[in-house]
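For the protein sequence lines, the chains are A and B, in the order given. Take 35 as the starting number for the first sequence in the working numbering and just add one per residue. Take 13 as the starting number for the second sequence in the working numbering and just add one per residue.
It should be emphasised that the hints constitute simulated quantities derived from the structure, not laboratory data. Virtual Cβ for every residue (Gly too), placed ideally from N, Cα, C. Just so you know, not all the hints are guaranteed correct.
[Unchecked claim] Counterexamples of contact, computed for chain A against chain B with all Cβ distances above 10 Å:
1) 80
2) 136
3) 225
4) 391
5) 410
6) 436
7) 462
8) 465
[To be verified] Pairwise CB distance ranges, derived in the manner of DEER restraints:
9) B/349 with A/106: 35 to 45 Å
10) A/156 with B/396: 35 to 45 Å
11) B/369 with A/428: 26 to 36 Å
12) A/146 with B/77: 23 to 33 Å
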Amino acid sequence: MDLEHLEKALAASRSDYTEIRLETRRTTRIVYHGRRLETVSTVMDQGGIVRALVHGKGWGLSTFNSLDDLDKRVDQAYQSASVVEARPITLAEAEFGQDEIRAALDVDFRELPLKEKQTLVGRYNEMLLDYPKVVDTQASYADQFVTMTYVNSEGARIIEERPQSSLYLVATAREDGNVQRAGDGLSTAAGHAALFNLDDLARDVGQRATDLLSAETVVGGVYPVVCDPKLAGVFIHEAFGHLSEADFVYSNPAAQEMMVLGRRFGSEILNVYDDGTLPGQRGTHKYDDEGTPMQRTPLIEEGVLVGRLHSRETAAAMDEDVTGNARATSYRYPPIVRMTNTFIAPGSSSFEEMIADIELGVYACDAIGGQTMLENFSFSAGHGYMIRDGQLAEMVKDVVLSGNLFTTLQHIDAIGNDLTLSRTGMCGKGQGGLPVGTGSPHIRIQGVAMGGR
Amino acid sequence: MDLLATLEQHAEQAEVFGIESESTQVSFEAGEIKSSQVRETQGVALRALIEGRLGFSAAGGRLDVEELVENLVASAHFGEPLDLHFPAAAAGPDVTTFDPRLAEVPIARFVEIGRAVVARLTKADADAKVDVDINRTTARTHLQNNAGADIQHEVTGFHLSASVERVRGDDVLIVYDSFSDIGLSDDYEDMVERLADKVTRAGRSAPLDSGRMPVIFSPAGAPVLLLPLLMALNGDAVQRGTSPLQDRLGDELFDARLTLWDDPTLSGRPASASNDDEGVPTRRKALVQNGMVETFLYDLKTAALAGAESTGNGSRSLFSPPSPSTTNLILDPGDRSLDEMLAGIERGLWVESVLGLGQGNPISGAFSNPVGLAYVIEKGEIVGRVKDVAIAGNIYEVLQEIGGLSQESIWVRGRYHLPYIMLNELNVVRSS
């Protein structure tokens with residue numbers, strides 16, 4: 035849809051603030067399950083959302099599939115806003131302009147024949163099945179090309195292409211009644227090239243599922259735990275990141291008190307950032323879904339809470355600066371405060387130093403699930419290893435960590451020098467999956483409760 | 013040109029599934045009305061068997077028939093060979109899912125309801141943050157296939173969800189509940205009262221030591237026990253060979269008091285329908301009867317792969333092919349009142365929610381979860397909220413002999429009608 039068309043619809047709006055976001059998306063999926071090729075499909079979607087604000091009233095929204103009559107949608111949003119008698123809403127100042135961001139793909143998946151993609155996915159699936167004890171697999175490939183057009187009544191005119199392709203492998207190994215599962219994958223906005231070279235990843239998944247068959251369940255108890263970058267990255271996103279989203283605190287005075295800037299969250303070695311400008315990462319875009327530039331936002335520096343993530347609305351309500359964190363899963367949703375790429379910054383310890391003085395502990399790797407109820411969390415690591423007398427020892431399974439966020443952050447006493455950013459990651463807050471980046475070096479936490487069996 | 017006719021030129025069997033819906037929603041945030049939204053959705057999904065192979069494609073919004081058909085043919089080219097037959101026209105049971113009066117309710121009425129709900133919940137705790145969403149939806153689906161099925165299904169939905177968030181120092185409580193009906197009545201008030209009760213009951217905290225003890229699962233907390241079972245009863249797991257119930261049809265694996273139904277024939281429930289999303293007539297069926305495993309749930313594809321018949325449980329959204337799903341899930345109540353059940357407990361746990369539902373390896377029946385909202389029971393009374401404890405077990409052990417089911421049942425999540433479930437002994441572990 036051309037911008038002129040959108041500008042005309044904006045100009046006709048009776049609202050004090052109006053924005054229109056349109057999307058087209060085309061998604062191809064290929065899924066192997068065991069020896070069966072279960073899905074090869076392409077679906078197309080197109081739609082939009084108008085969000086409008088009327089002074090003295092609240093938000094009015096209209097979402098739709100048919101782009102035929104934008105004027106009508108703009109008016110629908112105005113009508114919706116007009117029925118709302120809300121407390122005054124203001125939007126923080128931001129600079130807007132015209133921009134066009136075209137995808138730069140190393141290998142453009144739109145030009146590859148379906149057959150070639152299917153053959154590649156099938157080859158990785160075969161590699162998993164080659165492990166004698168692997169009885170079931172899932173090899174899922176998806177590529178998606180989104181074109182987003184965003185305009186608002188304050189001058190934003192943005193067209194952004196957002197490509198994403200991913201491959202995820204799961205192997206299930208079985209020995210009698212013992213069933214174990216391992217998985218890993220890669221997701222990238224850079225194009226298809228990286229997906230050609232996942233042989234090591236596939237072998238790692240097949241081997242790990244096999245190895246888990248002979249792993250014992252970790253003995254429940256309280257341990258010093260070293261988390262690998264994947265688990266630590268998911269932990270910082272889930273357990274801390276969501277609390278730093280301003281929509282959690284801006285309308286709740288007690289929550290503001292809990293998350294007051296200047297509060298000490300950890301020791302001086304702890305630094306946490308959200309950064310939507312990291313090249314090639316999952317949560318990276320030039321602009322958020324309100325047209326505000328993404329940026330690097332310090333959240334914790336030297337153990338102290340120094341910032342939080344904002345939309346224009348929450349920034350205005352708290353009299354803080356915008357951070358470019360208003361994101362929407364798709365045109366079906368208005369933007370809400372979301373993370374981009376959230377990570378613990380590197381420290382100075384080597385992995386060997388971290389485990390050296392642990393008499394009995396656990397090295398917890400990979401996150402296969404996690405849930406938080408704000409200050410309380412539970413995370414399932416994919417696998418782990420015991421640490422005995424400063425050395426990595428036998429593999430263990432069913433590694434479930436739980437605890438309280440505040441005490442756990444205080445108990446981080448070593449941070450590695452090996453920052454690694456995740457290759458996969460979705461956040462489900464409110465609207466379903468949105469790509470986000472997470473990352474961390476290895477970290478060590480004292481006194482973590484483990485297991486429960 | 014007629015889409016089905018176009019498809020039939022390319023395929024032995026063809027199916028066209030169209031969705032259209034409109035919804036209106038008002039949202040309250042921190043006790044104040046915040047936004048109002050209208051949402052219109054339309055889209056078409058196609059399936060076809062071409063040279064015996066099943067293909068799928070779908071589009072939301074603008075319909076480019078040529079591209080849609082091209083994607084379908086490509087999908088079928090790689091599709092699985094399947095002995096699957098789209099069903100001929102067959103009338104299912106008479107089920108009411110449409111309330112024409114709902115469309116007539118003015119938005120102002122929803123705003124009024126929202127304010128009343130906010131007021132009730134704020135009364136439970138004046139410092140808590142109360143969010144409420146009220147949504148009215150009308151959805152129409154239209155299914156046509158080459159065998160002659162031509163089924164239009166219309167559903168209205170009134171949905172109300174509310175959450176209360178309370179922060180005291182570093183202590184956070186979040187409770188949430190939702191209500192669904194096909195029309196507007198004041199039935200949602202019971203849900204709001206229960207939510208207010210949760211806030212009040214969680215006001216005090218109480219300690220609990222590790223040990224084996226009686227545990228009551230409220231209907232909202234019961235999915236911990238039911239999720240592994242539903243996964244194992246799903247025809248998809250059965251045909252893959254991953255269900256532990258695989259060869260156990262007819263076996264009495266559970267307490268004889270457990271009878272679990274899937275019932276799509278209930279009038280007045282949004283999850284009900286005369287025919288499923290593939291056109292197969294629906295029916296009420298016992299999944300577990302008096303502790304005995306009775307039926308697995310199939311759609312057309314999983315039935316074809318398992319050598320079984322579809323049970324009328326094909327369920328789909330626009331962008332995914334159908335898969336087997338429960339409709340209204342009903343666990344028969346017991347013969348004791350909740351108060352009687354509670355009175356017999358010297359020291360125990362009451363579970364409203366857990367963290368990490370479905371984490372780990374749920375299809376094996378195992379669960380191990382920290383509690384989300386749970387209360388300590390002492391001498392037959394709830395004495396306060398407990399955090400930092402986890403429950404663990406395996407449903408194939410703990411449901412062999414249960415402590416009892418309450419007479420009272422409650423609708424939760426709009427589609428589960430469940431009593432309170434008591435277990436006499438469950439492992440409860442204190443984590444700090």
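Quick rundown of the hints versus the structure:
{"no.": "1", "hint": "80", "result": "violated, 3 Å"}
{"no.": "2", "hint": "136", "result": "holds, 22 Å"}
{"no.": "3", "hint": "225", "result": "holds, 22 Å"}
{"no.": "4", "hint": "391", "result": "holds, 24 Å"}
{"no.": "5", "hint": "410", "result": "violated, 6 Å"}
{"no.": "6", "hint": "436", "result": "violated, 5 Å"}
{"no.": "7", "hint": "462", "result": "holds, 13 Å"}
{"no.": "8", "hint": "465", "result": "holds, 13 Å"}
{"no.": "9", "hint": "B/349 with A/106: 35 to 45 Å", "result": "violated, 55 Å"}
{"no.": "10", "hint": "A/156 with B/396: 35 to 45 Å", "result": "violated, 57 Å"}
{"no.": "11", "hint": "B/369 with A/428: 26 to 36 Å", "result": "holds, 30 Å"}
{"no.": "12", "hint": "A/146 with B/77: 23 to 33 Å", "result": "holds, 25 Å"}
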